Amino acid sequence: MIVHSRLDSLHLANLLGDPTERDVFVYLPPGYEASGRRYPVAYLLHALGDSAASMITPETDGQRWQAPIEDVLDPAFGRLGVPPMIVVVPDGSSSWGCGQWVDSPVTGNFEQYVIQDVIAFVDKSYRTIPMAASRGVFGFSSGGFGSWNLASRHPDILGAMAVLSADSWLDMTHKSMLYKYLDSIWPEAPNGPIKGNFWAEIVYNYSATYSPNVDNPPFYVDLPMAFPSGELRHDVWDRWLAFDPVVNWRDRIDNLKQLRGILLDAGQKDDYNLHWGHRLLSHYLTAAGVPHLHTENPGNHGGRWPERYQVALQWLSGVLEHDQA
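To convert, take the position in the sequence shown, counting from 1, and add 34; that gives this note's numbering.
Hints may contain errors.
Stated by the list, open to error - Straight-line alpha carbon distances no greater than 27 angstroms define the calculated BS3-like cross-link-like pairs of lysine-lysine that follow: (1) K303 to K209; (2) K229 to K209; (3) K229 to K214; (4) K214 to K303.
Derived by calculation from the structure, the hints in this document are not laboratory data. Predicted model, so just to flag it, every value in this text is computed and none were measured.
Sequences and hints are given; from them, build the entire structure.
Have a look at this one:
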């Protein structure tokens, strides 16, 4: 059963004029209504291009391309035998794509929204086990990146993370996107997130979250490359890298060691080479003595996401504390 609520938060006020009231969907596992027990909670962060609503009822152009999340969760807690958990799907979308689950004056403070508002709302409204040892976070692509960001910064709130095909090793995986964008508009100068231009939308979305600049209208971002030379602006690129898991793990190592579990999972044929980001991150964590599980699957960037969500839930349910009553 999925319960739909709307949650208003001042944390989501932004320069794009997006609404501060957002959808929150809560999946209650089989047996929730009949029992008096409390449940661990898994927070599912959606990817760039999705919203909370599209996770529940996928958008379609006449040919369904994505399963509703209930079609993924019901089998997980049914025939696959995953011990029951509450699953929460908050909204992290912006009119430019996704807030990347970080704080930005341009797209909104999505980190604070989840940590301060959504979790408090869920704990107040449902029979949760309100402690970090019974809270986990998971997501795919930008949702996996957000899972890393939230759990690695707030181990007192979230006790485990399942990071699926997450943005990582930006020097290798994302730098080329800047030049694909310039090629897509050449010889014109950069002029905002052009609808229908994938590279324009993604570069401006990332810039709005990783290198916002409220003093640089009309788009309020600093782009990491100069025009027309294409020269990398290292001061701006360094701001992007501050969000990169293969960079910021060093500053968060004490937090990472507090977590009950870290799962890194990616397809071996990821279209954006994010499996290499996971491999490098796992290498660093192993060398630093940070316990984690690194797995790979034979898929590409998005072809196996329903199955990987189920794998993540199985793993999370195993590392989080359950009600023993």
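Results of checking the hints against the structure:
no., hint, in the structure
1, K303 to K209, "holds (19 angstroms)"
2, K229 to K209, "holds (21 angstroms)"
3, K229 to K214, "holds (16 angstroms)"
4, K214 to K303, "holds (20 angstroms)"
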